[in-house]
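**Student:** One-letter residues, chain by chain:
Number of protein chains: 2
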Amino acid sequence: MSESVLNYLKENRERLIGKLEEFLAIPSISTEQAHKEDVLKAGRFVADYLKEIGFKSVEIKETAGHPLVYGEWLEAQDAPTALFYGHYDVQPADPYELWDSEPFKPEIRNGKIFARGASDDKGQVFMHLAVLEAYMKTEGRLPVNVKVCIEGEEEIGSENLYPFLEKNKEMLSADFALISDSGMVDKGQPTMLYGLKGFTGLEIKVKGPDRDLHSGLYGGAVKNPAMALSHILASLKDAEEHVTVPGFYEDAEELPEDERKLMNEAPGENYVETVGIPETAPERGFTVNEHIMARPTLEINGLTSGYQGEGTKTIIPSSASAKLTCRLVPGQDPQKIQDLLVSYIEENPPKGVTVSVKREPLSAKAYKVDPNHPLLKKAADSLSEAFGKETVFVRLGGSIPVVEQIDQLFNIPVVLLGFGTPEDNLHSPNESFPLEHFDKGMEVLATYYKEAASLK
Amino acid sequence: MSESVLNYLKENRERLIGKLEEFLAIPSISTEQAHKEDVLKAGRFVADYLKEIGFKSVEIKETAGHPLVYGEWLEAQDAPTALFYGHYDVQPADPYELWDSEPFKPEIRNGKIFARGASDDKGQVFMHLAVLEAYMKTEGRLPVNVKVCIEGEEEIGSENLYPFLEKNKEMLSADFALISDSGMVDKGQPTMLYGLKGFTGLEIKVKGPDRDLHSGLYGGAVKNPAMALSHILASLKDAEEHVTVPGFYEDAEELPEDERKLMNEAPGENYVETVGIPETAPERGFTVNEHIMARPTLEINGLTSGYQGEGTKTIIPSSASAKLTCRLVPGQDPQKIQDLLVSYIEENPPKGVTVSVKREPLSAKAYKVDPNHPLLKKAADSLSEAFGKETVFVRLGGSIPVVEQIDQLFNIPVVLLGFGTPEDNLHSPNESFPLEHFDKGMEVLATYYKEAASLK
Numbered sequence: 001m002s003e004s005v006l007n008y009l010k011e012n013r014e015r016l017i018g019k020l021e022e023f024l025a026i027p028s029i030s031t032e033q034a035h036k037e038d039v040l041k042a043g044r045f046v047a048d049y050l051k052e053i054g055f056k057s058v059e060i061k062e063t064a065g066h067p068l069v070y071g072e073w074l075e076a077q078d079a080p081t082a083l084f085y086g087h088y089d090v091q092p093a094d095p096y097e098l099w100d101s102e103p104f105k106p107e108i109r110n111g112k113i114f115a116r117g118a119s120d121d122k123g124q125v126f127m128h129l130a131v132l133e134a135y136m137k138t139e140g141r142l143p144v145n146v147k148v149c150i151e152g153e154e155e156i157g158s159e160n161l162y163p164f165l166e167k168n169k170e171m172l173s174a175d176f177a178l179i180s181d182s183g184m185v186d187k188g189q190p191t192m193l194y195g196l197k198g199f200t201g202l203e204i205k206v207k208g209p210d211r212d213l214h215s216g217l218y219g220g221a222v223k224n225p226a227m228a229l230s231h232i233l234a235s236l237k238d239a240e241e242h243v244t245v246p247g248f249y250e251d252a253e254e255l256p257e258d259e260r261k262l263m264n265e266a267p268g269e270n271y272v273e274t275v276g277i278p279e280t281a282p283e284r285g286f287t288v289n290e291h292i293m294a295r296p297t298l299e300i301n302g303l304t305s306g307y308q309g310e311g312t313k314t315i316i317p318s319s320a321s322a323k324l325t326c327r328l329v330p331g332q333d334p335q336k337i338q339d340l341l342v343s344y345i346e347e348n349p350p351k352g353v354t355v356s357v358k359r360e361p362l363s364a365k366a367y368k369v370d371p372n373h374p375l376l377k378k379a380a381d382s383l384s385e386a387f388g389k390e391t392v393f394v395r396l397g398g399s400i401p402v403v404e405q406i407d408q409l410f411n412i413p414v415v416l417l418g419f420g421t422p423e424d425n426l427h428s429p430n431e432s433f434p435l436e437h438f439d440k441g442m443e444v445l446a447t448y449y450k451e452a453a454s455l456k
Numbered sequence: 001m002s003e004s005v006l007n008y009l010k011e012n013r014e015r016l017i018g019k020l021e022e023f024l025a026i027p028s029i030s031t032e033q034a035h036k037e038d039v040l041k042a043g044r045f046v047a048d049y050l051k052e053i054g055f056k057s058v059e060i061k062e063t064a065g066h067p068l069v070y071g072e073w074l075e076a077q078d079a080p081t082a083l084f085y086g087h088y089d090v091q092p093a094d095p096y097e098l099w100d101s102e103p104f105k106p107e108i109r110n111g112k113i114f115a116r117g118a119s120d121d122k123g124q125v126f127m128h129l130a131v132l133e134a135y136m137k138t139e140g141r142l143p144v145n146v147k148v149c150i151e152g153e154e155e156i157g158s159e160n161l162y163p164f165l166e167k168n169k170e171m172l173s174a175d176f177a178l179i180s181d182s183g184m185v186d187k188g189q190p191t192m193l194y195g196l197k198g199f200t201g202l203e204i205k206v207k208g209p210d211r212d213l214h215s216g217l218y219g220g221a222v223k224n225p226a227m228a229l230s231h232i233l234a235s236l237k238d239a240e241e242h243v244t245v246p247g248f249y250e251d252a253e254e255l256p257e258d259e260r261k262l263m264n265e266a267p268g269e270n271y272v273e274t275v276g277i278p279e280t281a282p283e284r285g286f287t288v289n290e291h292i293m294a295r296p297t298l299e300i301n302g303l304t305s306g307y308q309g310e311g312t313k314t315i316i317p318s319s320a321s322a323k324l325t326c327r328l329v330p331g332q333d334p335q336k337i338q339d340l341l342v343s344y345i346e347e348n349p350p351k352g353v354t355v356s357v358k359r360e361p362l363s364a365k366a367y368k369v370d371p372n373h374p375l376l377k378k379a380a381d382s383l384s385e386a387f388g389k390e391t392v393f394v395r396l397g398g399s400i401p402v403v404e405q406i407d408q409l410f411n412i413p414v415v416l417l418g419f420g421t422p423e424d425n426l427h428s429p430n431e432s433f434p435l436e437h438f439d440k441g442m443e444v445l446a447t448y449y450k451e452a453a454s455l456k
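Heads up: the protein sequence lines correspond to chains H and A, in order.
Residues 1 to 456 in the numbering used here are what the first sequence spells out, letter by letter.
Residues 1 to 456 in the numbering used here are what the second sequence spells out, letter by letter.
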């Protein structure tokens, strides 16, 4: 650990927060055409920052959409190379009226900085920039080689990132990737995220009569598409959350006992309180933590059929449909799972209706890195020290597509050093980030960049 | 049969059609406040008509909504009394642009009269008025006593009819009721409708988390309400259309062999062609005609949950709901069936969600009259003779609430002499009524009023 670097961060804290506020004030909403210039402006902020602290090669790379910023500092001979990924675009801020302060006028209240992007992901990107600055300004160099890749389209699907990564595989090659775009399981609870789920999806459409029919005049002749759909859906999963589609679990990695232990040690959310359910419902044979982190799931995301207004309308609906997504674990191939589901659904259609399945084109494989990998152990140690608390190791039920892409393309460990908290209101009004995490997080990053030097 | 009456109808045909056109030209749309005066005007048309032909006691009875017309002619000593019910209000006519001629400017094309209300129900009410006129003008009297009750709120639920019937039970007492507000199974195919189904309904609501949740972060902890709903719905009916709720069929009248024969002799619709389904799906052990006419049904009318837009949204929906209605057969009590369903659904809720059931307040018992009743046999004979074709006896999967009310209140046979056809476009643009049915229908009614005289 470099005392001078930590001191630099402390001494420059106010100025750095000022710079962060400047970054957050740019409304870089990637999904809104009206903010195209602002997105570019946020990209320029990153590029200028890198240049200013001494990165030699910094470029704003044009894409078919918003540009991405690439910069590198490669003068740490014999040291490993880190690929640092993040994004400078943000979610829309509406509904504006629900914000207590302006989304693009950062405000500090109760030890938190409030602004769109404070946690996701400008705030966390900025922590890296500040730490890189601290090294350059105090030691004149970085402990490791660093390739920085910050995109402007994460919130709209990273459509142009993947082609860029593929095309520039050589240029981007690294020993490990570093991403700070996630969170801790709880405020102040250091967390090592070592696995993510993959996903696949589809939509089932059941077509019955060519129009809605009178339920009295046709009931008994015409199969009800909504009932047919219910039978199909109920045949996919049993009452104890076990997916009943043959082969669904076949390739799923067995859950090792030591990982089960890690997962069950991680603090769990009190779901009854946080989301208002009567009780949790994990798959039989597994705990809630195990199911969320390491067992595949199948969820209905939406149902639609017939009359949905007030009161009664006595019809047999013309059609019924359901959207489904699965979260997958290591070993499962999204394409194979989608194929299994499609065959299962299409091969046994209920009598009297036509069943078709539309495949969701996006998919992702699950990602997992060995929780005992030294790169993760070191990160965990830094976290434990800075936050004064033992780090928990968790896997996430969600997916971060870029992690899977990096894994597939470069086959390198991805270190997910996330400093967000469950109270950050990502994608919602009043997004915030605790300054305590800002300070301690930078301490962790400073230590980590140093420690990683010995881990090639 | 009275030749003079039939001759009168023939000789006065053009004038009568002119009067019918006058009746149809009144836009008596009961659901639209703007047409309140028109509804009253149509009521006056009926009242004036009755007075003109010699009904002594004719009144426009005020109600909390639109008035109803009551008139009586009770001078046929020793003859039975008929209660003739119909309605002079009509459905709205929009979308107007889909009509080939103005909905309230009757036009005759290809042997049909086109206008809103031509079949439902002004056209059929008028046929009775014309026949009553013919008797009064030729014979100076009617063959039976006639109580006429024509309401102006049928298309909006007859809310004020029932209290009126109950309050005036004495005044309205009769030996049988006569209603022409239904149709034949096919154009030119005389049809005796001798049964209707009852109905009951409910809405199932499955409540999960207090908001839509991220399917990755919560999948495995939180029960999916849409999947829970699918399990509930699939548990109500099996793949062969047999309702699996215990007790559902318990009180349902067994289907006698002779009725099965009648039903299977009735011409069936070619559903594959008419509504575009791959094949029909009746309950196991029953034909389509049997199921539609005489077996109870349970239908999902609508489903709603979560995300229903384009593409994918990876959520666990906060809730899911389904609207259901049952069509019931004689013997089944709507309240008891609703109770059975509610208990079945509420007593075994899936784990992790809250299930509630909202009861549909409207319900009706099924109605059935013995198809061998002389009042029906005579009607069938008149129909066969006028249309030159054997009359088929059918029961209808739908409900006509007023029939059940009359049955309950007066316990008299209801003769449903309907002359509409499946091509009449009831409630749709280009409603029409074939003049051939107008002519032959009046012939049937003329004969029937006469024949009924001997059937007390």
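Be careful, since some hints might not be right.
Identical copies go unnamed one by one, so any copy, or any two together, can satisfy a pair.
Claimed, not checked - No more than 25 angstroms apart at the CA atoms, straight line, and that leaves these computed lysine-lysine pairs for BS3-like:
| id | residue 1 | residue 2 |
| --- | --- | --- |
| 1 | Lys313 | Lys205 |
| 2 | Lys313 | Lys207 |
| 3 | Lys440 | Lys19 |
| 4 | Lys336 | Lys313 |
| 5 | Lys56 | Lys261 |
| 6 | Lys313 | Lys358 |
Think of the hints as simulated: they come from the structure by calculation, not from any bench.
These figures come from a predicted structure and were not determined experimentally.
**Student:** Confirm or reject each hint.
**Tutor:** Right, here's what the structure says about each hint:
For the homomeric pair Lys313 and Lys205, the shortest alpha-carbon distances inside one copy (21 angstroms) and between copies (17 angstroms) are both at most 25 angstroms. Taking CA atoms no more than 25 angstroms apart as the test, Lys313 paired with Lys207 passes in both settings, with 19 angstroms inside one copy and 22 angstroms between copies. Taking identical chains as interchangeable, the C-alpha atoms of Lys440 and Lys19 lie at most 25 angstroms apart only when both belong to the same chain, with a minimum of 18 angstroms there against 91 angstroms between chains. Taking the shortest Cα distances, Lys336 and Lys313 sit within 25 angstroms of each other only across copies (21 angstroms), while inside one copy they are farther apart (41 angstroms).
Taking CA atoms no more than 25 angstroms apart as the test, Lys56 paired with Lys261 passes in neither setting, with 46 angstroms inside one copy and 93 angstroms between copies. With identical chains, the CA atoms of Lys313 and Lys358 are at most 25 angstroms apart between copies only, with a shortest distance of 15 angstroms across copies and 29 angstroms within one.
Of the hints listed earlier, the one the structure fails to meet is number 5.
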